[in-house]
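If you want the building blocks of each chain, they are given just below.
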Amino acid sequence: MIVKKIYSGFKQSVNNFSILVYLLSIIISSLVFNNPIIVLVVFLSLLFVAKFTQREDSKGYFKFTVIIFLTTIIFNLIINQRGSNVLFQIPLLRVTTESLLNAGILAFSFVNLLLAFYIYDSLTNVKVIFDLLSKSLRSIAIVFILTIKFIPKIIQIFENTSFLYKFRNNNYHGNGKVSKQMDLLEIVLNKSVASFMNVSDVLITKGYNERAKVSRDYHGTKSDYIFFTVSFLTIIFNFTMIFLKTGKVDFGSATVKFGINSNIIIISVINLIMITMPILIGVFQYLWWKWYISKTTASNMPTVKNFR
Amino acid sequence: MVHFKNYSFKYANSQKLSLSKVDLTINKGDFLLLIGKTGSGKSTLLKQLKPDLVVGNITEGTLDCQIADNNISYISQFVDNQMITECARDEFNFILENRGYSTDTRHMRIAEVASYFGIIDLLDLTEQELSGGQKQLINLASALITDPDILLLDEPTSQLDPIAAEKLLQMVHKINSELNVTIVMVEHSLERNTVYANRLAIIESGSILLDEKVDTALKKMYQDNFYKNYLSQIDRSFMELKFNDDMVLPLNNRQFNKLLIEHKDGINYVDSPRKVNNSKKVLQLKNLEFRFDFESKTIVDKVNFELDEGMSYCLVGPNGVGKSTLIRVISQQMKQQSGKIVLDGETVNNKNIDIYQKLFVLPQNPALLFVADTVFGEIEFQLKQNNSEITSQQVDLILKQYDLFELKDISPYDLSGGQQEFLALIIGLIKNPEVLFLDEPTKGLDPNMVLKLHELLEDYLATGGILFANSHDLVFATRFDYVSMMFDGKLSEFKQPIEFFRDKFFYTTEINKASRDSFPDALTWNNLKKL
Chain G
4 MIVKKIYSGF
14 KQSVNNFSIL
24 VYLLSIIISS
34 LVFNNPIIVL
44 VVFLSLLFVA
54 KFTQREDSKG
64 YFKFTVIIFL
74 TTIIFNLIIN
84 QRGSNVLFQI
94 PLLRVTTESL
104 LNAGILAFSF
114 VNLLLAFYIY
124 DSLTNVKVIF
134 DLLSKSLRSI
144 AIVFILTIKF
154 IPKIIQIFEN
164 TSFLYKFRNN
174 NYHGNGKVSK
184 QMDLLEIVLN
194 KSVASFMNVS
204 DVLITKGYNE
214 RAKVSRDYHG
224 TKSDYIFFTV
234 SFLTIIFNFT
244 MIFLKTGKVD
254 FGSATVKFGI
264 NSNIIIISVI
274 NLIMITMPIL
284 IGVFQYLWWK
294 WYISKTTASN
304 MPTVKNFR
Chain U
7 MVHFKNYSFK
17 YANSQKLSLS
27 KVDLTINKGD
37 FLLLIGKTGS
47 GKSTLLKQLK
57 PDLVVGNITE
67 GTLDCQIADN
77 NISYISQFVD
87 NQMITECARD
97 EFNFILENRG
107 YSTDTRHMRI
117 AEVASYFGII
127 DLLDLTEQEL
137 SGGQKQLINL
147 ASALITDPDI
157 LLLDEPTSQL
167 DPIAAEKLLQ
177 MVHKINSELN
187 VTIVMVEHSL
197 ERNTVYANRL
207 AIIESGSILL
217 DEKVDTALKK
227 MYQDNFYKNY
237 LSQIDRSFME
247 LKFNDDMVLP
257 LNNRQFNKLL
267 IEHKDGINYV
277 DSPRKVNNSK
287 KVLQLKNLEF
297 RFDFESKTIV
307 DKVNFELDEG
317 MSYCLVGPNG
327 VGKSTLIRVI
337 SQQMKQQSGK
347 IVLDGETVNN
357 KNIDIYQKLF
367 VLPQNPALLF
377 VADTVFGEIE
387 FQLKQNNSEI
397 TSQQVDLILK
407 QYDLFELKDI
417 SPYDLSGGQQ
427 EFLALIIGLI
437 KNPEVLFLDE
447 PTKGLDPNMV
457 LKLHELLEDY
467 LATGGILFAN
477 SHDLVFATRF
487 DYVSMMFDGK
497 LSEFKQPIEF
507 FRDKFFYTTE
517 INKASRDSFP
527 DALTWNNLKK
537 L
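For the protein sequence lines, the chains are G and U, in the order given.
Sequential numbering from 4 applies to the first sequence in my numbering.
Sequential numbering from 7 applies to the second sequence in my numbering.
Looking at chain U on its own, in the form it has when it is part of the complex (with noise of 0.2 Å):
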């Protein structure tokens, strides 16, 4: 029903082809998983059916599209700020009426949308009484309360934590398998999703590189050193061990849990060593209290922990415990009702100006830090900070250096949420703070992205900085030096992340959960190698 047959496309602010011979056949009923690094051009391409989110022009080819306008719908990766107005009823009712329905039919079509989705609780609450789960919830619903034929989704899951991830691709699935509706779905990664498509394509400098059903494509990719990096930890698992049986991929926990078991002798279990902390206290938390109201509950609530030079900490927990606000408690953005905060011997106050010396946050919303109308801005702002004289050729050394020269005209705010991430890291790294605060930097990175922050900021620990981070991505977790959880306000004890997810039933990696039986300590993918 959508055909791009030699397609080319170039934004209108731009010199470049975002596109180029894109040959691309979607059938109805597809559910097609479009990936690809940042920056390749798959938004734009998913952006293409609905002609109205892209200012450019078409330099070659065709695009053959079935469908009117108004039945194919689309979902942003952002999750705030997607409801014009207060509740999600109200916000049924505009989309309706500006398609023209009557009352009764708009009626009759919000309380099917509503009870097909489980919402009806949600209807008449506001944006800030939602979780970001529900919202995206919302958001889905919005879309298809138009009852349209396409549905594209561009990076859905990157702002969610895994169990509300989780949920919505479930409620994608049922929507694809029930109702016929035609999904294209762009991912930076692979995890949790290959399960649900049929189909994956990649995409590459504006070009569809692969495009196969999906068992085909994953066993492809991983014969390509770049994008092996995107397989899920268990399908990576399963091609490293090369295990002779033949298997439709992607596989799932019970199978490879059994592939384990038959094939225990042949494997090994390779831990990579430990750094031993016997290093200096630099940041200690006595007993931090901190609650928004008086009546409201306790947000943090008695911690206590210290941060050690040249160690990494990372905090794992669900959305809504308290994460973020410890962070902005620590760096005084709030302040704490009691306890206190000693930074090198020093108590820390907000009238003590060394903190911001002396640390860097990276919020969840890294645009938040922006100062300057191009990349280059940002990195020539940052490092005449340390050195007021920094030429441009110097600047352009960095910018090379950690491969943003391509970008480094581009408005900070037109980067991809990975890029933005990726840029306000580096802003960090420049900085070169004795303790780095991150408040969920893998959000909307590629896997080989999240590789290179590794690299990054393994140099940085090497040189005794302290990093400390929230994140979602468990797998991310286990490469710090330790490794706690947050609930209700309260820290579980900083352990070393074997000990840490040893004991985990649910709150583990995949890799974990499938290989409990006959490898308990393994928790990604090169933990487990061939003999």
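Isolated chain G, as found in the complex (with noise of 0.2 Å):
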């Protein structure tokens, strides 16, 4: 599995804190522009290191995701019938190109937003942000914990209760839906209470009551300074373009275009590069060690070169 090579390479020379400015682009990314150009480089881009990073129970956030996509174009159409070129008309419904941009660019920033933060979710653990936070946010640090390990709890808790509730309640599938669905909230909702509350008896039994403040150093390596500076300019560099009004379009009006300039294809270039540096930086990192590293270092002897 080539792509499990190359992920290794870039997680084993990179360090958290370059992977959490990373994170920050691409989320400011993500949210700062609206040229349809810019959005669909930073979408495809995304797409790319989201297929990369991959875990497995990402069937049903991709699934969700589509949804998104889906329901933000059919509401834009709807709702926003603004445009002179008329593509096609049925009934209460006229689909123009201005409109169909529009919607398109919604629902792209939309998908951008959640395919941000899926990297997101893989790519960090529980520890980094603990560490950055409980410096000075002790109690945010315990709300983030709870988010980020709970979400997926929950749904679990919910799948399982209103799956068992059916074994306890007779008349399950009889009138009454609404009210039964909001009984059934409530009952997850305290069974994820009772839950709660049993991470706060585990955070005193490890010591967070009377953590310490620690002294933790990260070390730098090669990668690190040029994923860590790519990212970190790029964000500079987009919030620089923002200010001079450059990337973004005349959302939602009738006159929307596709508007493609020197500017935009900068924009797009240095964006495409910034998200796509995890893959970049584990390409170069698994060539160097087939083409360079295993060649000078290591023996002859059969059973290295199965390791090249």
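In short, the hints are calculated from the structure, not lab data.
Values in this document were obtained by computation on a predicted structure and should not be read as measured data.
Here a beta-carbon is modelled for each residue, glycine too, at the ideal position from N, C-alpha and C.
Honestly, I wouldn't trust all of these hints.
Listed next, with one range per pair, are the computed distances between beta-carbon atoms [stated by the list, open to error]:
no.: 1; chain 1: G; residue 1: 165; chain 2: U; residue 2: 303; range: 25 to 33 Å
no.: 2; chain 1: G; residue 1: 155; chain 2: U; residue 2: 326; range: 15 to 23 Å
no.: 3; chain 1: G; residue 1: 154; chain 2: U; residue 2: 75; range: 31 to 39 Å
no.: 4; chain 1: U; residue 1: 412; chain 2: G; residue 2: 66; range: 46 to 54 Å
Hints are included, so try docking the two chains, each in its own frame, into the full complex.
In structure tokens, the structure reads:
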């Protein structure tokens, strides 16, 4: 599995701090621009990276993303029917190039944000967040942990409870479905609160209530410096462009159109490079190992060759 | 090093004293086993040494503890959700950072602990990838990484299968004997753990009833009709058979085997009569197959069996072989990929809502079943499903019938693991389904509750119900009409317990292991009677 090798090449050569700066940078990239070209480029690069960092339980997340995408497009086409270039018309709905473009921009922006958070979720771990927040904002760190750790947990509780509830309730499929759903939600919330209480006990047994100041030093590698610098400079670059009103279109209006000029291309390329950095670093690390390090340092024994 | 003197304690949200006039001394290097029935206050007593875990006040007496709070470690009975971070390595780092250790010390500590516990390979696995036993081992390592003087364990083995439980106890014993760490362990039964302890205390209604050396304590407990059920099968059998030999309890299987051979002529094998099965088939499984993913292995592999009216079936086998998954597939929480399930002559599928009325499932985590704020509410909800005009007096009556009246105003989530299990079971019995599925029903129950459970299940079977249970508890399995073993997704043929256990070498009851040379059919202590 070449993707796995590239991914581990990337993970081995960067530290958590530079990953966080990178994540901040991709979230900003997916938030600030609404030029269709940039949005599309950001979308493709994020999709590529998301696929690269894919975890096992990602099917549901991608399904959810597609649903959000489609609903946004359909809603927008219905609500905003401005524009003059009519593509087709059915009763109550007039689809124009402009309205389709507006809908597309919004849908892709949503999806970009979802993908950025998906990547965030697969690259960070609970401990990094704890390290960052617990120094000054101890209680916020706990809230963070509860959200990261317990949203999937609550979904699981919900699924199990709603299934088991059918065995306890004789008229599950009878009348009053809405009120039953409300009952069910209340039950699920009660159970979630009970399991939150449990976490607070766990934190106490692990000594979090008397957490001491910890010294932590991150050792930066060359990859780290490159990764950090590119991410950080892109953040500054993106904000400058927004300040200069480049990369934005008149979203929602009847005159929205694809605007291509050299600035847009530069923004797209810079963001493309920044977003795909993990893959670039991974590929570089892998090739460096395969064609240089393993040739020069390891012997020519058959066992060693197998690892090349 | 710890001394409770005339100590009384009350929870902030309760009127009643949870601990009353406790006198107890714990010395350096002790391995103290603390038992008592559910709700007797044993966990409360344990948590007094970790005051941040209990909200309440001391009403009387003193607790003299010479050990600083951060030199006392605590392990709860829950195996899941004990890790705050993703993997053991992060977890260890997190704990050590909370204590303010330097990077280098942290690194060395993790190296030490990981090699001592043999968990180097588990350091980077996520919680989903670890088995129950491995998780509990990591919890134990997390508790010891800070180098504590006292280790408090609250029913650490109640969620584990017998093999994993044995391994954990051996590790706790090693910590006690090699590192001289003082151990206080709360348990709900005395199977397997008495060998390692040097003291045994019983707590009843918040007071210490007995506190002796293990041998004396076990012999005294036998004299008490209530506590004699706590004895391990081997010790109970030894006491029941009244051998004249003066042996120190607990006995191991080898000693007991020798005694049985010596006294063979004075002992009689008794078997309780078995039911004859000539009743009608209710549930049939035909070639049932299930796997989670296309490329994953088959969890339920071409399973075929039939369940008959009024009969009980028990499925045994180690953790992770697909026992719980099988129940989920039968109850249609997960859909089988092939094969079919026939209930009362009709094929079951998730559109056929009949199954929700005819079946009841008690899951591994009983709390998932609860829907109300109080125990009273739970029972009331279930009774109202059959008769919407039920009065609160009638609910009270049912609560009294099942010994739950005292708990009626407590939130079901505040009950102990054993009480939750018992309440969920009562809910199932009130529903009175055609087939009752129980996933590990004896988990966390004390021996007397298990006996009560037997009685209730016998009554249910007598009305024509069908019982299908998964269990690690082999003594419990011997009470069923049929037993089968699951491994690699396949089920062995359902056999009567004697036939099933007769040819098992490892996977059988302790009495059976110890008596196979003299009484090969004996499975529990009541199969052996003095002439």
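Hint by hint, here is what the structure shows:
Taking the beta carbon of each, residue 165 of chain G and residue 303 of chain U are about 28 Å apart, inside 25 to 33 Å as hinted. Look at residue 155 of chain G against residue 326 of chain U: about 21 Å separates their beta carbons, and that is inside 15 to 23 Å. Checked against the given bound of 31 to 39 Å, the beta carbons of residue 154 of chain G and residue 75 of chain U, roughly 33 Å apart, stay inside it. At roughly 49 Å, the beta carbons of residue 412 of chain U and residue 66 of chain G sit within the given window of 46 to 54 Å.
When held up to the earlier numbered hints, the structure conflicts with none and fits them all.
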